[in-house]
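*Asks:* I would like the entire structure built from these sequences, with the hints used as guidance.
No gaps in the numbering here: position 58 of the sequence shown is 66 in the numbering used here, and each next residue is one more.
Some clues are possibly wrong.
What the hints assert, rightly or not - For each label pair, taking beta carbons as the anchor points, the in silico distance ranges come out as: (1) Leu-190 <-> Arg-36: 17 to 27 angstroms; (2) Arg-177 <-> Ala-56: 21 to 31 angstroms; (3) Leu-159 <-> Gly-55: 32 to 42 angstroms; (4) Phe-94 <-> Arg-171: 23 to 33 angstroms.
The hints are simulated quantities; they were obtained by calculation from the structure and are not laboratory data.
Since this is a predicted model, take the numbers as computed values, not measurements.
Beta carbons are placed, not taken as given, at the ideal position from N, Cα and C, and that holds for glycine.
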Amino acid sequence: FWRRWHISLSSWLRDYLYIPLGGNRGPRWKVGRNLALTMLLGGLWHGAAYRFLLWGLYHAGLLIGWRLFEEWWSRKPRPEPRQSGFRFWLKVFIFFHLICLGWIFFRATSIEHIGDFLEDLGKPKYWRPVAAYTVARVLGIMALLFGVQWLQLRTGRMELWTRWPVWLRVLFFLVCFYAIVLFGVPVINDFLYFQF
9 FWRRWHISLS SWLRDYLYIP LGGNRGPRWK VGRNLALTML LGGLWHGAAY
59 RFLLWGLYHA GLLIGWRLFE EWWSRKPRPE PRQSGFRFWL KVFIFFHLIC
109 LGWIFFRATS IEHIGDFLED LGKPKYWRPV AAYTVARVLG IMALLFGVQW
159 LQLRTGRMEL WTRWPVWLRV LFFLVCFYAI VLFGVPVIND FLYFQF
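*Replies:* In structure tokens, the structure reads:
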């Protein structure tokens, strides 16, 4: 996630903060310090507010926790191929939800707002059943996206769609366009990064 999200900012943080601080060199605590400082400054880049500091700390905690987990996991016996596929998707599922949780810190307007968001996550009214047609549409889009991802991983070709016939590519883009129109938000909001 951190290598692919906001690539220009991630590269700048890596090249001008993380590596000059020492990067991956040195004992574990120094690497953790380097990650924490880099992510804290990445949070501050978005604004001088406590919520951005918390967001940076949250991501620093995830990165440090991930490194410690990977270090611990690498000492385990190598899993069977069938198990490793399950573990990969389990990691994707867990990290997706952890990253989504982190966006609460980023988007909230105050510390109190963060607390309200986190408290509301456990309330039953937010877990009420969703209309079946909404679930079907979301599952359809997820199946399409995961299907393409699965094909790319299985074949080892990330540019797989370029090998599709033209008619299939056009159909795929039309489906994507239709999904954007169907699920898009009709209200125009200012782009967050315009303030920078």
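*Asks:* All hints, please: hold or fail.
*Replies:* Against the structure, the hints come out as follows:
1. Hint check: Leu-190 to Arg-36, Cβ distance near 48 angstroms, so the stated range 17 to 27 angstroms is violated.
2. Take Arg-177 and Ala-56: their Cβ atoms lie about 45 angstroms apart, and the range 21 to 31 angstroms is violated.
3. Checked against the given bound of 32 to 42 angstroms, the beta carbons of Leu-159 and Gly-55, roughly 40 angstroms apart, stay inside it.
4. Taking the beta carbon of each, Phe-94 and Arg-171 are about 28 angstroms apart, inside 23 to 33 angstroms as hinted.
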